[in-house]
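> These are the residues of each chain, in order.
Protein chains: 2
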Amino acid sequence: MTIHYPNGTQYQPHSANRPMHTNASLVKHGGRGMTLEQEINESNQYYLAHDIAVIHKKPTPIQIVKVDYPKRSAAVIREAYFRQASTTDYNGIYRGRYIDFDAKETKETTRFPLDNFHQHQVEHMRSCLKQGGICFGLVKFVTLDQLYLLKATDLIKYWDAQENGNGRKSIPLSAFEASAIPIKYSLNPIIAYLDAVDQLI
Amino acid sequence: MTIHYPNGTQYQPHSANRPMHTNASLVKHGGRGMTLEQEINESNQYYLAHDIAVIHKKPTPIQIVKVDYPKRSAAVIREAYFRQASTTDYNGIYRGRYIDFDAKETKETTRFPLDNFHQHQVEHMRSCLKQGGICFGLVKFVTLDQLYLLKATDLIKYWDAQENGNGRKSIPLSAFEASAIPIKYSLNPIIAYLDAVDQLI
Chain A
1 MTIHYPNGTQ
11 YQPHSANRPM
21 HTNASLVKHG
31 GRGMTLEQEI
41 NESNQYYLAH
51 DIAVIHKKPT
61 PIQIVKVDYP
71 KRSAAVIREA
81 YFRQASTTDY
91 NGIYRGRYID
101 FDAKETKETT
111 RFPLDNFHQH
121 QVEHMRSCLK
131 QGGICFGLVK
141 FVTLDQLYLL
151 KATDLIKYWD
161 AQENGNGRKS
171 IPLSAFEASA
181 IPIKYSLNPI
191 IAYLDAVDQL
201 I
Chain B
1 MTIHYPNGTQ
11 YQPHSANRPM
21 HTNASLVKHG
31 GRGMTLEQEI
41 NESNQYYLAH
51 DIAVIHKKPT
61 PIQIVKVDYP
71 KRSAAVIREA
81 YFRQASTTDY
91 NGIYRGRYID
101 FDAKETKETT
111 RFPLDNFHQH
121 QVEHMRSCLK
131 QGGICFGLVK
141 FVTLDQLYLL
151 KATDLIKYWD
161 AQENGNGRKS
171 IPLSAFEASA
181 IPIKYSLNPI
191 IAYLDAVDQL
201 I
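Chains A and B, in that order, are what the protein sequence lines are. Everything in the first sequence is counted per full-length UniProt numbering, starting at 1 for the first residue and increasing by one. Everything in the second sequence is counted per full-length UniProt numbering, starting at 1 for the first residue and increasing by one.
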């Protein structure tokens with residue numbers, strides 16, 4: 001029997017065509033199938049719940065052009081555009097220190113292209129370093145399934161060399177192996193990146 | 001003579017019908033006509049440009065439902081809703097310290113109603129304080145043209161008393177005069193709120 005709801009859409013039981021929603025916060029599977037952003041957000045929730053750190057992802061910046069205010073219901077944004085962020089995506093506090101970083105994924109297997117970062121993100125890190133903040137990138141080589149904490153000072157060194165026209169357009173994997181801090185997947189949190197941060201403090 | 005550009009729009013000289021854009025960062029007038037948010041943003045720009053602090057307002061959190069991707073032009077968000085933020089609006093770093101605050105305006109003249117803050121903002125401040133952060137509210141009594149730095153510890157004291165049912169629903173102005181830090185308007189930055197923060201460090 002087919003049940004038709006008043007709006008004309010057809011009822012579909014959960015077991016049928018629709019994918020089941022799994023509760024990501026309950027089902028832990030070492031980050032399989034999750035984006036780096038999801039892995040970081042879950043890890044931040046763990047750190048927050050256990051009073052270890054307060055680190056959040058900033059919302060995506062949006063330029064709002066048109067908003068409808070229907071009676072008796074919530075305001076609806078009808079026209080808006082994505083803007084470029086003027087900072088990195090993540091910041092917060094850990095052990096009294098200001099933490100600031102961005103997350104980047106690459107499918108490359110031998111190098112990390114610098115154009116994954118934007119000029120303003122690098123400048124933002126430079127400013128935060130001057131104030132005594134702890135800044136870095138979390139860089140994931142997706143194909144290799146390898147995750148590194150890349151110190152902002154190292155990133156800036158490669159960035160400036162590229163800007164001056166006498167550097168490469170990417171950071172070789174060998175440089176990560178030599179001077180970045182590898183992060184292993186674990187159960188709780190999925191990525192214990194603050195253990196890597198401990199090595200910077 | 002009328003000049004038509006290839007796309008059919010008509011050229012308008014700057015002196016004609018269009019309003020001139022005044023450069024808000026050049027014209028300073030002690031905050032007159034600016035919202036508290038604008039005053040803080042301008043002050044933060046000043047602090048950033050002078051290597052004094054790196055403090056930004058977080059973007060408004062938006063739940064995006066529908067996005068159009070027109071050919072050869074930018075993606076357009078066609079349906080989205082405002083979400084409630086899970087943190088305060090401003091954070092950053094100053095003199096090596098993590099700074100976290102929210103800005104509130106009230107038209108009241110004798111008291112600041114606590115419902116200007118949301119539960120999650122107070123909980124966020126509580127978490128940041130535990131990590132050693134510097135947390136506060138910037139509270140402006142618009143009608144009185146008075147601005148105060150309200151320490152998070154004082155805010156939490158009133159908040160918890162209210163929650164426990166044995167406190168007031170607002171903080172009296174007299175309490176601000178007694179224990180909040182007054183902030184005077186100045187030229188550069190418009191509100192030198194980090195001078196008030198110095199008294200907390």
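Check each hint, because a few of them may be wrong.
[Claimed, not checked] Here are the simulated lysine-lysine pairs, DSBU-like style, with alpha carbons at most 30 Å apart:
| id | chain 1 | residue 1 | chain 2 | residue 2 |
| --- | --- | --- | --- | --- |
| 1 | A | K130 | B | K130 |
| 2 | B | K157 | A | K58 |
| 3 | A | K58 | B | K57 |
| 4 | B | K169 | B | K157 |
| 5 | A | K71 | B | K71 |
| 6 | B | K71 | A | K107 |
| 7 | B | K184 | B | K57 |
| 8 | B | K107 | A | K157 |
| 9 | B | K107 | A | K104 |
| 10 | A | K130 | A | K71 |
| 11 | B | K184 | A | K130 |
| 12 | A | K184 | A | K169 |
Don't read these hints as lab results, they were simulated from the structure.
> Need the list of violated hint numbers for this structure, in ascending order.
Checked against the structure, the hints that fail are numbers 5, 8, 9, 10, while the rest are satisfied.
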